[in-house]
Amino acid sequence: MSPPGRPAFCGTTAIVGVGYSDISRESGRSVLSLAAEAGAAAIADSGLGAADVDGVLSFSLGGDSVPGQAVATTLALPQLSYAADLSLGGQAPCLLVAQAAMAVASGMAKVVLVFRALNGRSGQRVGRHRTEGPATQYRYPAGLSAWPQYQALWARRYLLEVGGGPEALGAVAVAQRRYAEANERAVVRRPLTMDAYLAAPYVAEPFRVPDCTTEVDGACAVVVTSLERARDLPHPPVVVAGAAYAAGHRSGLDIGDVLAWPDYSRNFTHLLADDLWRSAGLGPADMSLAQIYDCFTSTVLMGLEGLGLAERGQAGPFVASGETGRAGRLPTNTNGGLLCEGYLHGMNTLAEAAIQVRGEAGERQVARHESCVVTSGALVDGSALVLSAAP
Amino acid sequence: MSSLPLIADVAEGGLVPPAIDPDSRWWWEALEAGELLLPRCDNCAKAFFPPTPRCPECGSPGWRPEPAGGDGELYSWVVTHHPFDPAFASDVPYTVVVVTLAEGPRLAGRLLGEDPGELVAGTAMQAVTYRVAGQALLGFVSAGGEQGTRGRGST
Chain C
1 MSPPGRPAFC GTTAIVGVGY SDISRESGRS VLSLAAEAGA AAIADSGLGA ADVDGVLSFS
61 LGGDSVPGQA VATTLALPQL SYAADLSLGG QAPCLLVAQA AMAVASGMAK VVLVFRALNG
121 RSGQRVGRHR TEGPATQYRY PAGLSAWPQY QALWARRYLL EVGGGPEALG AVAVAQRRYA
181 EANERAVVRR PLTMDAYLAA PYVAEPFRVP DCTTEVDGAC AVVVTSLERA RDLPHPPVVV
241 AGAAYAAGHR SGLDIGDVLA WPDYSRNFTH LLADDLWRSA GLGPADMSLA QIYDCFTSTV
301 LMGLEGLGLA ERGQAGPFVA SGETGRAGRL PTNTNGGLLC EGYLHGMNTL AEAAIQVRGE
361 AGERQVARHE SCVVTSGALV DGSALVLSAA P
Chain G
392 MSSLPLIADV AEGGLVPPAI DPDSRWWWEA LEAGELLLPR CDNCAKAFFP PTPRCPECGS
452 PGWRPEPAGG DGELYSWVVT HHPFDPAFAS DVPYTVVVVT LAEGPRLAGR LLGEDPGELV
512 AGTAMQAVTY RVAGQALLGF VSAGGEQGTR GRGST
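If you're matching them up, the sequences are chains C and G in order.
Its first residue numbered 1, the first sequence is counted upward by one per residue in the working numbering.
Its first residue numbered 392, the second sequence is counted upward by one per residue in the working numbering.
Looking at chain G on its own, in the form it has when it is part of the complex (with noise of 0.2 Å):
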């Protein structure tokens, strides 16, 4: 299985930590392991996201996890300039895209180490995995730029 690029050199930022339940256990799992897997519906054959207990397009109640490449196109981000939330309060500013995996489902992460001005839709963008107070989290960067290939660690 592949595994996603890890940066390992993302600067100290704040951590909310994500509210993990029985339903999401494996998906954070596997990230701390470096792998992005998404649910894929046994009846309709359509990967969805978030992870629920039936597939949200069928409602049928088999599914399997596979994974994913992390490639996708960007659809949508926001730069936030205020400090909604105290825990991150140092990062500001920092953008939050919303990409559209090659699988089908949208998937949100912090921008990494990129300056969002060059952001258009559509722009290629590449998932990732970065650590914060040592908790795995999913990011992204754009798939042409420097980030693709930098802080590149073993997980």
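Pulled out of the complex, with its shape left as it was, chain C reads as follows (with noise of 0.2 Å):
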């Protein structure tokens, strides 16, 4: 029986698999390869074998990717008892992983795939891509339309609200692209400096080039199971211990709508930090680590705040003075972040969060991994993950 407050599923699953496809700018490849080969990484990861899986999960935006089903019949899965494929943003990857635990723990499913996979740079770029929607047409015309401007507002107010300057920004930007130094999957590894950053073209003020992830073309994928099951299996088990979702009151009429949105200063992590914290029964000083979902710079600093991992407009200073790197008190974005390693819609945000609490990130290893949080979303909704080591 789980204590009130904490859902069945949190403590009692956990992720056993993880896997990827090559991550490009230009795979050359189908996006159903793409996801065949992460899939099929991930379950041959978990010690498991395609004959055990029988839940799918996935999700794509705009039609940019191929059905759950597609993969399943890839990988030759036996029949599936659950499966799902949402039309969903970064928002997506913890509470795909949620309901994935919420599948296992109930019964309904003993081992699913959860996946994302897409040619988001030589397909379907999901920064020039105009959404369908009933709002799109208060914005479209306006030359609205593009998701680094919507963030472009909120970054705006948020530095205005908290009086932070484009420094703040840049911080986010400088201490990841130092971690993407160590990752050999990340597309962009270049050293930065802050003055490299100040210097760098403005793509929508008050963002420049380097607060913005990378599109690439790429799959990743995990596998969760029960715990139990998971504790036979070759890796450490990573446990699901707290899961939330949040979208606030007037999130607006489709993906982008944000003019309804009270306080562009404050995303959806404010708003499921206490259902976060109450699943888990753990708080944001109980965290070793950090992967917070960073499709624009602005994103970790909100994320930060709204999860009470830095106090309310500190997360600039939080960042800028080495905190959330490898020697800092809250190691962030580990594998150079979305902005470093490729834009797969925070399923790697994910993924290198199961990596390092397993103690398996190698060069990337930070030194306490006990429990980690991931985050996905950037603005109205989103969702959220503890994950642990097993006791």
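Check the hints yourself; a few may be wrong.
Said to hold, decoys possible - Chain G is nowhere near these chain C residues, computed Cβ spacing over 10 Å in every case:
(1) Glu37
(2) Asp52
(3) Pro78
(4) Leu144
(5) Arg190
(6) Thr193
(7) Glu205
(8) Leu259
(9) Ala260
(10) His270
(11) Pro317
To be verified - Some but not every residue of chain C turned toward chain G, in silico, with C-beta under 7 Å:
(12) Lys110
(13) Gln124
(14) Ala135
(15) Pro141
(16) Ala146
(17) Arg157
Stated by the list, open to error - One side only, chain C facing chain G, incomplete, derived with CB under 10 Å:
(18) Tyr82
(19) Ala84
(20) Pro134
(21) Tyr138
(22) Ala152
(23) Glu161
(24) Tyr202
(25) His249
(26) Leu253
(27) Val258
(28) Tyr264
Worth flagging that the hints you see were computed from the coordinates, not collected in a lab.
Ideal placement from N, C-alpha and C gives every residue a C-beta, glycine not left out.
Quick one: dock chain against chain with the hints and give me the complex.
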């Protein structure tokens, strides 16, 4: 019986497999091929076989991927007892792992594959793709249609409200580029100084080029099962210790509709933090490290504050002082983040958390890795997990 | 009913026509006639935007359109330096502002005829209409700026 406030799937389920395809700017392959590669790698990594997998969850944005059934068919999975494809952006990864964990804890599935795959650079690019929805008519004609623009509106307001300047954003870009230097998978690895950051051209002011994630072709997958089963598998179990989701009141009429949102300086992390910590029976001070969804530098600052990992307005100084670096109090985005490893819509944010909690990140491994908080999403809605080493 | 100032001499720009639907047709027809209308809930009396079939604050299905003055204050803005949308490639650099209207709701629109360098949060703004390839659109100028008096035309 779980204590009151702790969902039944928290503490009883675990990530047991992690897999990636090649990540590049031009895969020369189908999305299905990338998805199958990541899925097969995750299943192999788990020590289980395709025959053990009975659930598949995935997500796509504007139809840029293949349905889970295509991957299930290609990997020769047996009959499935749980499956869903969400039409959603980077809000999805933690939510889908929570759903996988719920399916397992409820008994509806035993082993669930969760993946994201896309040719996000050579194919449909999220940065310039116009989505459909009831509220696009109120912004597209003005020339407001791209993610960097929506988020720049928030970043500007955030900096205004907390009295921060471009160095707050630059600190995130610089700190994460340092981690990328040790990550062979990262597509952006050239060292970055604050001077170079400030000299970089604007794309959507206040964002400069290094403030923005890099679109890539690639796929990433994880496998979820019960903690009981996980203990018999090759890698240290990565326990799904806590989970939460929030979509704020007035979250808008379509993804990208931010007109009704009351406060651009606070994102969804502010709304789900209490639920997240209560579900895990842990608090911000218990986190050894963090993987904060970073399609743009500003979302790291908002995420650190929203979760209570930094005080209001203090995330910039926190990052600038080195606290999110290797030797700091809270190593953050240890693979260089989406900014450097490439935009797999946050699936790789979650995968990095699992690898670190296992203690298997090699050159990137941080010393303390008992519990890692992960977020998915940037603005009005999103999800989060606490992943912990098994007791 | 008062009309919004019409900026007649805006530089030729790119057009992405609005995807007008049954919930929004009345709003765009009013804009075509130079009016800014905002839906106001019959139940909770809040004005809201975008137009929706029910009030997004209280869920009540009863609302009515009310004329709005178009005056507000600047909440945030983005200066676009990169042509994310090829339709606006020749407009770059351009600025989109988000303005909190006096009635409460926020609207987004192109900043017309002004340098964004003078903008600060809270700057008094005025909604205006302008046309691109014949399509009436909503834009903004700063309320104290020159543009507030230039280019007024009848609708």
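Each hint tested on the structure:
no.	hint	result
1	Glu37	30 Å, holds
2	Asp52	44 Å, holds
3	Pro78	43 Å, holds
4	Leu144	4 Å, violated
5	Arg190	20 Å, holds
6	Thr193	22 Å, holds
7	Glu205	4 Å, violated
8	Leu259	5 Å, violated
9	Ala260	7 Å, violated
10	His270	18 Å, holds
11	Pro317	22 Å, holds
12	Lys110	41 Å, violated
13	Gln124	14 Å, violated
14	Ala135	5 Å, holds
15	Pro141	5 Å, holds
16	Ala146	3 Å, holds
17	Arg157	5 Å, holds
18	Tyr82	33 Å, violated
19	Ala84	27 Å, violated
20	Pro134	7 Å, holds
21	Tyr138	5 Å, holds
22	Ala152	4 Å, holds
23	Glu161	9 Å, holds
24	Tyr202	5 Å, holds
25	His249	9 Å, holds
26	Leu253	6 Å, holds
27	Val258	8 Å, holds
28	Tyr264	6 Å, holds
Of the numbered hints listed earlier, those contradicted by the structure are 4, 7, 8, 9, 12, 13, 18, 19.
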